[in-house]
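Engineer: The residues making up each chain are set out below.
Number of protein chains: 2
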Amino acid sequence: MSLIKPQILKGFRDYLPDRMLARERLVDAAREVYRSYGFSPIDTPALEYSEILLGKGGAESDKQLFRFTDQGGRDVAMRFDLTVPLARFAAQHLQEIGTPFKRYHIATVWRAEKPQKGRFREFMQCDFDTIGTESNASDIETLLVIHDLLEAIGFDRFTVRVNNRRVLNGVLEQLGLSERAADVLRALDKLAKTGPLPVIEEMTERAGATREQAARVLELAALQGSPQSLLRDLEPLVGASETGRRGLEHLRELFAACRTAGIADERIALDVSIARGLDYYTGTIYETFLGQLPGIGSVCSGGRYDNLAELFTTQRLPGVGASLGLDRLLAAMEELGLVDLAATPAPVLVTVFDAGRIGDYFRIGRVLRHAGIDTEVFVDARPLGKQLKYASRKGFRVAVIAGEEEFARGAWTVKDLTRGEQREVPEADLVETVAEIVRAAPDK
Amino acid sequence: MSLIKPQILKGFRDYLPDRMLARERLVDAAREVYRSYGFSPIDTPALEYSEILLGKGGAESDKQLFRFTDQGGRDVAMRFDLTVPLARFAAQHLQEIGTPFKRYHIATVWRAEKPQKGRFREFMQCDFDTIGTESNASDIETLLVIHDLLEAIGFDRFTVRVNNRRVLNGVLEQLGLSERAADVLRALDKLAKTGPLPVIEEMTERAGATREQAARVLELAALQGSPQSLLRDLEPLVGASETGRRGLEHLRELFAACRTAGIADERIALDVSIARGLDYYTGTIYETFLGQLPGIGSVCSGGRYDNLAELFTTQRLPGVGASLGLDRLLAAMEELGLVDLAATPAPVLVTVFDAGRIGDYFRIGRVLRHAGIDTEVFVDARPLGKQLKYASRKGFRVAVIAGEEEFARGAWTVKDLTRGEQREVPEADLVETVAEIVRAAPDK
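Respectively, the protein sequence lines represent chains A and B. Numbering (our numbering) for the first sequence: 1 to 444. Numbering (our numbering) for the second sequence: 1 to 444.
What the hints contain is simulated information worked out from the structure, not anything from laboratory work. Please note: incorrect hints may appear among the correct ones.
Identical copies carry no separate label here, and so any pair may be met within one copy or between two of them.
[Said to hold, decoys possible] As a list, the in silico SDA-like pairs of lysine to any residue whose alpha-carbon atoms are at most 25 angstroms apart:
1. Lys190 / Glu96
2. Lys5 / Lys63
3. Lys10 / Asp70
4. Lys10 / Asp62
5. Lys386 / Thr99
6. Lys56 / Asp183
7. Lys63 / Ala182
8. Lys56 / Thr69
9. Lys193 / Lys394
10. Lys114 / Thr69
11. Lys114 / Arg13
12. Lys5 / Glu96
13. Lys190 / Thr108
14. Lys394 / Gly72
15. Lys63 / Leu9
16. Lys190 / Ala222
17. Lys63 / Arg328
18. Lys10 / Leu54
19. Lys193 / Ile437
20. Lys63 / Ser2
21. Lys5 / Leu54
22. Lys117 / Phe155
23. Lys117 / Asp416
24. Lys5 / Gly57
25. Lys114 / Arg186
26. Lys10 / Arg67
27. Lys415 / Asp70
Excised from the complex, chain A in its bound form:
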């Protein structure tokens, strides 16, 4: 029989232990923060009826659907994001879940994109949303969650940039661009990427603005300063527009509440240039940039929307939420050496010297585990040198060793693998000795 070539599909990836451990740390951090704010997890099927998913992300996303006919002749497709499934879920279970409904969803999505560096056809999304309320309190909370999330992942220097589509709409209203708002904002959204000239071109040629109107929009986007001073600058620009005034009021309340709640001023900013391309957003919008990794763009983005599930129910469901680009963040952190790539989740290896005493090696493994110290027992029959090589290749911190003589003395040799030092201790002192080394070792 000829062998089958072991290979995976283009655009897909295997996660080996080192990268998977790092991914699990990110997922855990996100989960802990979401839960600490009372967001609950949900899950939805990977496969949905195609009609649920089609047309929700535009023609582009339809083309990227993994779509097929199942054994029962049903037209089905794999989810391409977690927002459309949330809309379907909310419409279907509204009575059971009640509002306000705060959920997080950490799950894999699939898009048949052209594979390229940093773009995959399968990746994990990490979303949280509050639905069924228009209260600005949930917009404020969304910002607090993003803030705590980045902190929990281990970042110190980051900025959550906030804006409000209502303010933008108010200014456009004052400029007589109300009816072209969507096209103008879609053009504006490209500013950071392309610079001002192509944006002006798009605004005048495709969005139908005059050159003067376009220039005024870019002036607006160029405004800089503290949130407080920007809020003052924006006041005359929104003028009498009620939409605009309401947007400003929400931003004012948001920045004041964040200060009261204890968020450092430098961690949040008002950025009137961010518009987020999606027409979907209607109020507060968020983007998050890392001081160490400005190049990768926003790592956590989101905003407020008016009506989540209008295609599935007549019940209006306003909400606000954001999404952490987990796999992209992980790839970037890895590139910068910000990820510990040890290939073992356990810091301690019990080596096996005398196979006849295997029960004792397992016994000592359990003793260490019961003390809260994750401990692997080496399970293959190999010389001690090879076992220690395995320990250092995988990134263990401590090796625990015993042969005939140690057993006779009721002792264990403890080897600090980072410092290369070792000493023998009586079994009664083993847990404390090992715990001390593990505590002293960085990061485990």
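Using the hints, position chain B against chain A.
Structural biologist: Same frame as chain A, but now just chain B:
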């Protein structure tokens, strides 16, 4: 525009917060135990080339594949288990991962089975394996992991039943049934389900054994007693068969090591009647039964195999592992009321009485969170009564309340929602008061 009906595919499920929180507790318990033994996580794509998956689980499993042609004309399918992807993964990454390789994989799989009670087309598997070693130490460790896993999930009364295919093969060798071993054991595997008569029939009619041979095999399967006494009983039955003697030796070592390692005798048993249908297994085999839920069959099963990836590589990869039927276990636990179905991950709700002080409510939420107490702030504008109703519907334990008067006094009212008692405390005492109630409340 007409609405799209929000519905999911037959055989699939949405996980609402209560059930999803329970599932996450199971996943966490499994993960912690696997890691504590040094097993590392991996992940593989949900989609593989069909040729990787086809023919690996027999004709039945091929028919159940969600298989289609992707945009690039590739014949692809969704994984139906985690063992075939492990085989492909091991063959592909052998150089990087080295041996022994201990991995866990907790992930979703898809099978287009006929939907029926307790059977779904999408479910989560929770596997762990040690590959690249024939050492009996890893068989012993597998049993320890299964034991600790059940304990960590919260079960007290359970039995891991162990057998060894070599012992069975040795006995069959002595009975002159070597060449019919696979068929005979496949018949034997049905004993618990069908009783002896259909098994004898299958052994004689399909496996080609004489009635006397079949009767002897059933006599073997009926043997009962402590592992020690059974091992003595089995000795004459395997006679001079080297395979059989080696199997007995491994079982002897396993039971002795588990006793030394501190596993209670009643938690493990030698059960010579379990054969596990799959030809795949070649040595130790495991099944796990719950004292409270004997009806659901084995909740954690596995065994030793000779060669994991023979279809993908010429490199021989022996191994041993087991799989926890996570969603099935969860469904059974739920039916028995063993699952706490609170719909909030956070025990504390800060109610919002004065929207103008929203920053203060968020501030106090952060104070409690920093003390390690998960705390939701109510984000919608509703009367206090409705907020407290929300709290009790979701299963919160504590409500923290403040209005104008409390703010003036620098105090908060703390309400124990389980006991219905409340009292006012100065802000400085808030964390301790809340922590006390949370600690006293069951299960959070």
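Engineer: Each of the hints needs a verdict: does it hold here or not?
Structural biologist: Status of the hints after comparison with the structure:
no.: 1; hint: Lys190 / Glu96; in the structure: neither (41 angstroms within a copy, 42 angstroms between copies)
no.: 2; hint: Lys5 / Lys63; in the structure: between (29 angstroms within a copy, 22 angstroms between copies)
no.: 3; hint: Lys10 / Asp70; in the structure: both (23 angstroms within a copy, 11 angstroms between copies)
no.: 4; hint: Lys10 / Asp62; in the structure: both (20 angstroms within a copy, 23 angstroms between copies)
no.: 5; hint: Lys386 / Thr99; in the structure: between (59 angstroms within a copy, 11 angstroms between copies)
no.: 6; hint: Lys56 / Asp183; in the structure: within (19 angstroms within a copy, 53 angstroms between copies)
no.: 7; hint: Lys63 / Ala182; in the structure: within (23 angstroms within a copy, 48 angstroms between copies)
no.: 8; hint: Lys56 / Thr69; in the structure: both (20 angstroms within a copy, 23 angstroms between copies)
no.: 9; hint: Lys193 / Lys394; in the structure: neither (41 angstroms within a copy, 45 angstroms between copies)
no.: 10; hint: Lys114 / Thr69; in the structure: both (23 angstroms within a copy, 17 angstroms between copies)
no.: 11; hint: Lys114 / Arg13; in the structure: within (14 angstroms within a copy, 31 angstroms between copies)
no.: 12; hint: Lys5 / Glu96; in the structure: between (48 angstroms within a copy, 17 angstroms between copies)
no.: 13; hint: Lys190 / Thr108; in the structure: neither (28 angstroms within a copy, 38 angstroms between copies)
no.: 14; hint: Lys394 / Gly72; in the structure: neither (47 angstroms within a copy, 38 angstroms between copies)
no.: 15; hint: Lys63 / Leu9; in the structure: both (18 angstroms within a copy, 22 angstroms between copies)
no.: 16; hint: Lys190 / Ala222; in the structure: within (14 angstroms within a copy, 75 angstroms between copies)
no.: 17; hint: Lys63 / Arg328; in the structure: within (22 angstroms within a copy, 36 angstroms between copies)
no.: 18; hint: Lys10 / Leu54; in the structure: both (24 angstroms within a copy, 19 angstroms between copies)
no.: 19; hint: Lys193 / Ile437; in the structure: neither (49 angstroms within a copy, 52 angstroms between copies)
no.: 20; hint: Lys63 / Ser2; in the structure: between (36 angstroms within a copy, 23 angstroms between copies)
no.: 21; hint: Lys5 / Leu54; in the structure: between (35 angstroms within a copy, 13 angstroms between copies)
no.: 22; hint: Lys117 / Phe155; in the structure: within (24 angstroms within a copy, 47 angstroms between copies)
no.: 23; hint: Lys117 / Asp416; in the structure: neither (39 angstroms within a copy, 53 angstroms between copies)
no.: 24; hint: Lys5 / Gly57; in the structure: between (36 angstroms within a copy, 18 angstroms between copies)
no.: 25; hint: Lys114 / Arg186; in the structure: within (23 angstroms within a copy, 47 angstroms between copies)
no.: 26; hint: Lys10 / Arg67; in the structure: both (17 angstroms within a copy, 17 angstroms between copies)
no.: 27; hint: Lys415 / Asp70; in the structure: neither (57 angstroms within a copy, 53 angstroms between copies)
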